[in-house]
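Residue numbers (the numbering used here), protein chains in the order written: chain L, 1 to 216; chain R, 1001 to 1374.
Because the hints were derived from the structure by calculation, they are not lab data.
One thing to keep in mind: the hints can contain errors.
[Stated by the list, open to error] Once the Cα atoms are required to be at most 27 Å apart in a straight line, the calculated DSSO-like pairs of lysine-lysine come out as:
#1 L:Lys101 with L:Lys162
#2 L:Lys162 with L:Lys84
#3 L:Lys162 with R:Lys1219
#4 L:Lys101 with L:Lys84
#5 L:Lys18 with L:Lys192
#6 R:Lys1218 with L:Lys84
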Amino acid sequence: MPLCLPTYVVIDASSSMKEHEAVLNATLARLHYNLATNPRVSEFARVSVVAFSTDVHVVIPMSDMEQVPAMPEVICGGRTEYGKTFDRVRECIEQDVSNLKMQHLDVLRPAIFFLTDGSPTDAHWRDSFRKLVDRNWPRRPHVIAYGFGAAQRDVLRQVATKALFIADGTDTESALSSAITALLNTLIASSKTGQMNIPTEAKGFEYIPVAQEFVE
Amino acid sequence: MTEPPLIDGADDKVGDGDVPAADPRDWALPRTVSLSDLGPLAAPISEHNGQAIAVTPLTNHPGWLAKLYRPGQHPEDAHQLDLLISAPDTLSEADRTALYAGTCWPAARIHEPGNPVVGCVIPMAPGQYRSELRRGAFSEHRFVEIDWLAKSDESIRGVGLPTPGFAGRLAACRRLTELAGILESLGLVYSDWSFSNAFWSPDRHSVYLIDVDGCQPKKMPDVHQPNWADPLTPPGTDADKYTDRYRIGLLVAKCLTGQRDAHAFHTVAACRWQNQPAVSEVLLDMLIATDREQRPSAAQLSQALDGGPYLRTVPRPARTELPPLPVQPPVPQPPVPAPEPTPTVKTPEPNSHAGWILVLVLAVIVLFVIASNH
């Protein structure tokens, strides 16, 4: 059966990203182009794009990106609510993995690429996160986090379960672009081997290995 | 095609001392060169990809690349590479020409003191394999992997490439199978048949095989790529010519039908191509024969693609069932415009020019009315 990696690109679209909105959208459009013009990558990595701030929006439901005509535009604003985001992604994973299995695909553990430039504004996000990565949930995802701008290393250390990349002082727009490039490289590398393969070099980012599989 | 033995060409001589067959690619230096003989190396075009640490153009030899291997190659690897470089000498002129035109066959082994296998010299893929791929506001001029031929004509049109139609698919598959047949005739195993190791020219319907310097005689470690696993080559065992037969069958089935999953198998089973009546049976035996050693050869597939019969000297193999067809996935719902507060998503307008066109038409009508009243 064909292999498939359910991939969630979860993007911070809070008010702190407002001034970088144009770059964010251009970067997402570039991601779409690169996936849509690489059939074997888009076939392997089914992608969903989720934007979060005060609310959470599934910008692109789980799709072969070649089938998606264009990337919708994200408009930034609002708070940085991690908890709702993790809850929503958990719901998506439950549904998406079932759909992919129905298509006779061998489904790998989902991967969340979490891109943020700020700290959570909700107090109880950890409860939602624990549910998301609960080791008793067979569909728990890997989380690869990219932090830039005002993102806090200590917070992201709790979120990343597979790898953490922290911007090394690079400006937000360059970091955003680099993060998407790194994400794309991960999908390309993984599509070659059939398993999560995270290149540790991401321009403008410090790679921080994550030893633990789960956050307790 | 016969199976000539590989011969040693390390000293630019074939086994019995004859002068090697002419290499029409105009490689100017001998078949073994030191790194310093090559002159300056340009910036790498690829790094840390497979067995290579870098692939870099040779400044003094336009059109040629140095493929530099990871350290740790063994002396016997040098001998192996020399055999590979000289292998085309044993071919007929037609096959040799096809092999050189359709692959990046290595032209020389690179060595340096203390390291007999620094890498090899390979030709650059010809420019005909690069095209502009467009999607939305983006476009890029790049090599077109054969991956695209395993998509529908509609998808291919969607990125601005010329659509192949069945004739174009057939032509490309003939070239692929011809190359596979030549490798098999040389007793070489490639193992790495997949979407990423061949380029396709949508204009000329030709194909170009890369990474052929990894070919080995008779058997080699099975190169694992997702979705290309031979169900009858157990994990951990070597790939051999039967593994190659499965993979070339799979590649041709996908490229000929433009389908990638189990649909390719079902379409092959359902199709009786009028001018290639044996293709379906040959491909099914390559793909789902229960005995891997009864898979037909690339030469048999080549003959079938040329409109010939399916000739066998042994009884037809039993076959497994076709793989199950995937269930149609639910159609993704278009993104819902977000209620406040943000973030919101704004779907691109399908035709943002439509409003302007309407305004223009109305303006022309008004002008006509004004003109007719004067």
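Hints, one by one, checked against the model:
{"no.": "1", "hint": "L:Lys101 with L:Lys162", "result": "holds, 24 Å"}
{"no.": "2", "hint": "L:Lys162 with L:Lys84", "result": "holds, 21 Å"}
{"no.": "3", "hint": "L:Lys162 with R:Lys1219", "result": "violated, 37 Å"}
{"no.": "4", "hint": "L:Lys101 with L:Lys84", "result": "holds, 26 Å"}
{"no.": "5", "hint": "L:Lys18 with L:Lys192", "result": "violated, 36 Å"}
{"no.": "6", "hint": "R:Lys1218 with L:Lys84", "result": "violated, 57 Å"}
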